[in-house]
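Visitor: Sequence:
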Amino acid sequence: PMYKNLLISEDGSTTAMVVKTQNYSSIGKETDVLAGFEESGDDMGVSDPQPVTRAYLSNEENSAIITAIQSVLAKHARDDIPIYLAGSPAVTHSLKASMMRDMRKFVMLAVMTIAIFLFVMFRRISGVVLPLVVVVCSLLSTFGLMAFFGTPIKLPTQILPSFLLAVCVGASVHILAIFFHRLQATDDKEASIAYALGHSGLACVMTHITTAAGLLSFSTSRIAPIADIGLYASFGVMIALVYTLVLLPALLAVLPLKQRRSRTSGNELTVMDRGMNWVARLSTQKPVYVLVVSFLIIAVSIPMIFRIRFGHDPLRWFPKDRPVRIATEHIDQKMRGTVNLEIIIDTGKENGLYDPLILKRLEVAAAHVETLDYGEVFAGKAWSLTAILKEINQALNENQSAYYSIPLNRDIIAQEFLLFENSGSDDLEDVVDSQFSMARFTVKAPFTDALKYHQLMMDVDRYFEQMFPEVTLQITGMMPLLFRTLSSVVVSMARSYIIAVLVITLLMILLIGRFRIGLLSMIPNIAPILVMLGIMGALSFPMDAFTMMVGSIAIGLAVDDTIHFMHNFRRYYDQKGDPAWAVRETLHTTGRAMLVTTVVLSIGFFIFMFADMKNIFDFGFLTGITIVMALLSDYFVAPALMVLANKDISDRL
Numbered sequence: 025p026m027y028k029n030l031l032i033s034e035d036g037s038t039t040a041m042v043v044k045t046q047n048y049s050s051i052g053k054e055t056d057v058l059a060g061f062e063e064s065g066d067d068m069g070v071s072d073p074q075p076v077t078r079a080y081l082s083n084e085e086n087s088a089i090i091t092a093i094q095s096v097l098a099k100h101a102r103d104d105i106p107i108y109l110a111g112s113p114a115v116t117h118s119l120k121a122s123m124m125r126d127m128r129k130f131v132m133l134a135v136m137t138i139a140i141f142l143f144v145m146f147r148r149i150s151g152v153v154l155p156l157v158v159v160v161c162s163l164l165s166t167f168g169l170m171a172f173f174g175t176p177i178k179l180p181t182q183i184l185p186s187f188l189l190a191v192c193v194g195a196s197v198h199i200l201a202i203f204f205h206r207l208q209a210t211d212d213k214e215a216s217i218a219y220a221l222g223h224s225g226l227a228c229v230m231t232h233i234t235t236a237a238g239l240l241s242f243s244t245s246r247i248a249p250i251a252d253i254g255l256y257a258s259f260g261v262m263i264a265l266v267y268t269l270v271l272l273p274a275l276l277a278v279l280p281l282k283q284r285r286s287r288t289s290g291n292e293l294t295v296m297d298r299g300m301n302w303v304a305r306l307s308t309q310k311p312v313y314v315l316v317v318s319f320l321i322i323a324v325s326i327p328m329i330f331r332i333r334f335g336h337d338p339l340r341w342f343p344k345d346r347p348v349r350i351a352t353e354h355i356d357q358k359m360r361g362t363v364n365l366e367i368i369i370d371t372g373k374e375n376g377l378y379d380p381l382i383l384k385r386l387e388v389a390a391a392h393v394e395t396l397d398y399g400e401v402f403a404g405k406a407w408s409l410t411a412i413l414k415e416i417n418q419a420l421n422e423n424q425s426a427y428y429s430i431p432l433n434r435d436i437i438a439q440e441f442l443l444f445e446n447s448g449s450d451d452l453e454d455v456v457d458s459q460f461s462m463a464r465f466t467v468k469a470p471f472t473d474a475l476k477y478h479q480l481m482m483d484v485d486r487y488f489e490q491m492f493p494e495v496t497l498q499i500t501g502m503m504p505l506l507f508r509t510l511s512s513v514v515v516s517m518a519r520s521y522i523i524a525v526l527v528i529t530l531l532m533i534l535l536i537g538r539f540r541i542g543l544l545s546m547i548p549n550i551a552p553i554l555v556m557l558g559i560m561g562a563l564s565f566p567m568d569a570f571t572m573m574v575g576s577i578a579i580g581l582a583v584d585d586t587i588h589f590m591h592n593f594r595r596y597y598d599q600k601g602d603p604a605w606a607v608r609e610t611l612h613t614t615g616r617a618m619l620v621t622t623v624v625l626s627i628g629f630f631i632f633m634f635a636d637m638k639n640i641f642d643f644g645f646l647t648g649i650t651i652v653m654a655l656l657s658d659y660f661v662a663p664a665l666m667v668l669a670n671k672d673i674s675d676r677l
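In this text, residue positions in the sequence shown follow our numbering: the first is 25, and each later residue adds one.
These are calculated hints, taken from the structure and not from any lab test.
Think of the CB as a built atom: it goes at the ideal place given N, C-alpha and C, for glycine as much as any other residue.
Heads up, none of these hints are tricks.
Using 16 Å as the maximum straight-line C-alpha spacing, the simulated EDC-like pairs for lysine to aspartate or glutamate come out as follows:
| # | residue 1 | residue 2 |
| --- | --- | --- |
| 1 | 28 | 415 |
| 2 | 414 | 387 |
| 3 | 28 | 356 |
| 4 | 373 | 457 |
| 5 | 405 | 366 |
| 6 | 129 | 636 |
| 7 | 384 | 494 |
| 8 | 44 | 85 |
| 9 | 344 | 356 |
| 10 | 476 | 400 |
| 11 | 358 | 34 |
| 12 | 120 | 636 |
| 13 | 44 | 450 |
| 14 | 414 | 440 |
| 15 | 638 | 337 |
| 16 | 44 | 454 |
| 17 | 358 | 35 |
| 18 | 44 | 451 |
| 19 | 178 | 85 |
| 20 | 28 | 394 |
| 21 | 282 | 211 |
Computed spacing ranges between beta-carbons, pair by pair:
| # | residue 1 | residue 2 | range |
| --- | --- | --- | --- |
| 22 | 295 | 148 | 17 to 25 Å |
| 23 | 346 | 99 | 18 to 26 Å |
| 24 | 149 | 45 | 48 to 56 Å |
| 25 | 448 | 25 | 18 to 26 Å |
| 26 | 447 | 172 | 51 to 59 Å |
Using the sequences and the accompanying hints, generate a full structural model.
Guide: Set out below in structure tokens:
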């Protein structure tokens, strides 16, 4: 009975081989077999315990183990006897391999799309090469910093190359757009560089600060990979600003750039001019209608937000035909679970587990826990040292089935455990400590959404609290780890959203110089986030560790165009005091660069939709669509708000 659904399936068709990997890394560990003999006698004696800091098994070591196992399994593969490899190390290995494969594809696609759109915009090789030089330098600096601090590339941080590639090109586009426009008009390169920096330099500084602020809010997360994204992505954004304001002007100064010959055909400019004129007329002549429609869209989105469900199910990120998913689902079906819940029972005294009453309660607990079934989540197997004790007792009594039970005498229990240990078996090491004061109770369940484990964990915890009031209990294992990861991400992301909104609002107020206008300018930034959340709810996108990052990242990116719009609107408004004219001039100058940067940014994220992993697809789609909606908000909502916010325009409405 002990091995049913543990090593042998209930129907006898499947058997399991359990491979236990080491907990701690071997990197840097002494490998000289004679090294220990050089220690002095005092060093080898018993001393006061000192805290030991050891790194856990690294991703590289985990991948090496899985690769080695796969090579062994390949040698024994047979068509009539399928072999499945599953478990947390296998899932982690597959996640990493998929992410690495996707990242190489994403970076190439991102470079190609960005280069194409830069060439379409500038019609110059320099307009393509210079922004990419800034981006490459930013990437090298960011990953160099990660290497300097010994930060490994984890699953979430693998999006950094494509992310920084898309984000860091924006400021270069704005600077180059103004520079080439001025150069075409004056043919004075030095004056054009100075004008471009004066025109967009401050706005670029503020956009990078706000983007970095949105990202830096992740650094408060208790989940290390998400905190790493916050730290290193924000650094990458800020170092890109330095390269944009220092390296880019220097390259412009030394390169032999001249006026381009005027083109006789201006179809593209005419189309864009007509489009910008239409946007300006609609947003300035009918601002109330624009805002009413916008708020109606938000009103429709808000009920959808409440349909969003939280979840964390890494297995469902894989396509259905991925071997690791097939293997895990097969083993879950046959062996009734691949994820463990561990309960540590600490009696607080040596040989406390010789007590037959405690052991009997552990036996009863195992029988009770195996009855817990919540549909998709159920306790497929529960076991502890009592299962081994009953096997020992039966073996010592001529294997009579009547003796498959727990002895009622404490001394007999102690003797049977002693005999078993002396036989050379190490089975007890997995379920009890050497002092027989702490026991391990294991519950096995299927691999599913971490949120669905909550009821099972709570019921098991309450039951053990009632059954063992005199001992200390501790819940651990992969099951609570997955659940607590989701809980920590929710708390961290809520904190990150609040921090990002507050910091960006303060920066907008400082940039614009007016409190009321600064607050109004946040409406075009918040509205796309609300609509994006509504889309998530309507399309049943789960709120997981990746999609939770969309909000803070998107608001940091969405505010970039708002800053450029507001900065230049204020410049033109101060000249004539006419909001309608200021909006039109802003759209004809900055509006073009806003369109190009939005196209580059959104496509940079839409590229993630080519990923095999569903979580990366969701992240790319939601972030990309949010950036597009942010541009529409800056084209329509922001101008309408600026018109209504200025009292002297009331006679024109």
